[in-house]
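Asks: 107 is the number that my numbering gives to position 70 of the sequence shown; each next residue is one higher, with no gaps.
Derived from the structure by calculation, the hints contain no laboratory data.
Every residue, glycine too, gets a C-beta built ideally from N, C-alpha and C.
One should not assume that every hint holds.
Label pairs and their computed distance ranges (CB to CB) [stated by the list, open to error]:
hint, residue 1, residue 2, range
1, D107, R57, 13 to 23 angstroms
2, S103, M63, 17 to 27 angstroms
3, R61, D107, 14 to 24 angstroms
4, G77, S103, 16 to 26 angstroms
5, Q52, R105, 18 to 28 angstroms
6, E92, T68, 13 to 23 angstroms
7, F106, M63, 31 to 41 angstroms
Straight-line alpha carbon distances no greater than 20 angstroms define the calculated SDA-like cross-link-like pairs of lysine to any residue that follow [to be verified]:
hint, residue 1, residue 2
8, K44, L111
9, K44, L78
10, K100, I49
11, K44, D89
12, K100, A112
13, K100, I65
14, K100, A75
15, K100, W43
16, K100, L78
17, K44, S103
18, K100, N50
19, K44, E86
20, K100, S45
21, K100, D69
22, K100, E81
23, K44, C54
24, K44, L96
25, K44, I65
26, K100, I71
27, K100, M63
28, K44, R66
29, K100, T79
30, K100, T68
31, K44, E92
32, K44, R61
33, K44, M63
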Amino acid sequence: MEAGAWKSRITINPQQCGGRPCIRGMRIRVTDIIDLLAAGLTHEQIIEELPDIEEEDILAALKYVSFRFDHPVLAA
38 MEAGAWKSRI
48 TINPQQCGGR
58 PCIRGMRIRV
68 TDIIDLLAAG
78 LTHEQIIEEL
88 PDIEEEDILA
98 ALKYVSFRFD
108 HPVLAA
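Sequences are here, hints too, so could you generate the full structure?
Replies: Written out as structure tokens, the structure reads:
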């Protein structure tokens, strides 16, 4: 996936899924993908479970999470 290409696969619509980030305007949230990965599913298993998802969508979800959490944490 080209640098920045993931941004076109992640959509945020306040009228859909409570404004949570979704995959390509579908009602499949980024957190759904991350939760499936955390549960140990492979990319192939996720695509089998969610046939509308493509490999690039899974990679985009990972890139999105990385982008959103890439900031310094200040010690209290």
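Asks: Decide, hint by hint, whether the structure agrees.
Replies: Going through the hints against the structure:
For the pair D107 and R57, the supplied restraint of 13 to 23 angstroms holds, since their beta-carbon distance comes to about 19 angstroms. In this structure the hint that S103 and M63 lie 17 to 27 angstroms apart at CB holds, the actual value being about 21 angstroms. Checked against the hint of 14 to 24 angstroms, the pair R61 and D107 passes, with Cβ atoms roughly 23 angstroms apart. A beta carbon spacing of about 20 angstroms between G77 and S103 agrees with the range 16 to 26 angstroms that was offered as a hint.
Between Q52 and R105 the Cβ separation comes to about 21 angstroms, which falls inside the hinted range of 18 to 28 angstroms. Under the hint 13 to 23 angstroms, the C-beta atoms of E92 and T68, about 19 angstroms apart, fit the expected range. Judged by the Cβ atoms, the range 31 to 41 angstroms given for F106 and M63 is violated: they are separated by roughly 23 angstroms. For a cut-off of 20 angstroms, the pair hint linking K44 to L111 is broken: about 27 angstroms separates their Cα positions.
This hinted pair does not check out: K44 and L78 have alpha carbons roughly 23 angstroms apart, beyond 20 angstroms. With a CA separation close to 15 angstroms, the supplied pair K100 and I49 stays within the 20 angstroms bound. For the proposed pair K44 and D89, the alpha carbon gap of about 18 angstroms is at most 20 angstroms, so the pair holds. Distance hint between K100 and A112 is unfulfilled; the C-alpha atoms sit about 25 angstroms from each other, more than 20 angstroms.
Proposed proximity of K100 and I65 is supported: the alpha carbons are some 16 angstroms apart, at most 20 angstroms. Restraint check for K100 and A75: satisfied, since their Cα atoms lie roughly 15 angstroms apart, inside the 20 angstroms limit. The suggested pairing of K100 with W43 holds, with an alpha-carbon distance near 7 angstroms, which does not exceed 20 angstroms. Of the supplied pair hints, the one linking K100 and L78 holds, its CA atoms being roughly 18 angstroms apart against a limit of 20 angstroms.
Proximity of K44 to S103 is assessed by CA-CA distance (about 12 angstroms); at most 20 angstroms being required, the pair is judged to hold. Of the pairs offered as hints, the one joining K100 and N50 holds, with about 19 angstroms between alpha carbons and a cut-off of 20 angstroms not exceeded. For the proposed pair K44 and E86, the alpha carbon gap of about 23 angstroms is over 20 angstroms, so the pair is violated. At most 20 angstroms may separate the alpha-carbon atoms for a hinted pair to count; K100 and S45 meet this at roughly 12 angstroms.
For a cut-off of 20 angstroms, the pair hint linking K100 to D69 stands: about 14 angstroms separates their Cα positions. Under the criterion of a C-alpha separation no larger than 20 angstroms, the hint pairing K100 with E81 is consistent with the structure, at around 18 angstroms. Note on K44 and C54: the hinted pairing holds, with a Cα-Cα distance of about 18 angstroms set against a maximum of 20 angstroms. A distance of roughly 11 angstroms separates the Cα atoms of K44 and L96; the hinted pair therefore holds under the 20 angstroms criterion.
Taking the CA atoms of K44 and I65, the gap is near 16 angstroms; set against the 20 angstroms cutoff, the hint holds. A C-alpha spacing of about 11 angstroms is found between K100 and I71, which places the hinted pair at or below 20 angstroms, so the restraint holds. Restraint check for K100 and M63: satisfied, since their Cα atoms lie roughly 18 angstroms apart, inside the 20 angstroms limit. For a cut-off of 20 angstroms, the pair hint linking K44 to R66 stands: about 14 angstroms separates their Cα positions.
A hinted pair counts as satisfied when its Cα atoms are at most 20 angstroms apart, and K100 with T79 qualifies at roughly 17 angstroms. Our distance criterion of 20 angstroms between C-alpha atoms is met by K100 and T68, whose separation comes to about 12 angstroms. Proximity of K44 to E92 is assessed by CA-CA distance (about 15 angstroms); at most 20 angstroms being required, the pair is judged to hold. A distance of roughly 10 angstroms separates the Cα atoms of K44 and R61; the hinted pair therefore holds under the 20 angstroms criterion.
Our distance criterion of 20 angstroms between C-alpha atoms is met by K44 and M63, whose separation comes to about 15 angstroms.
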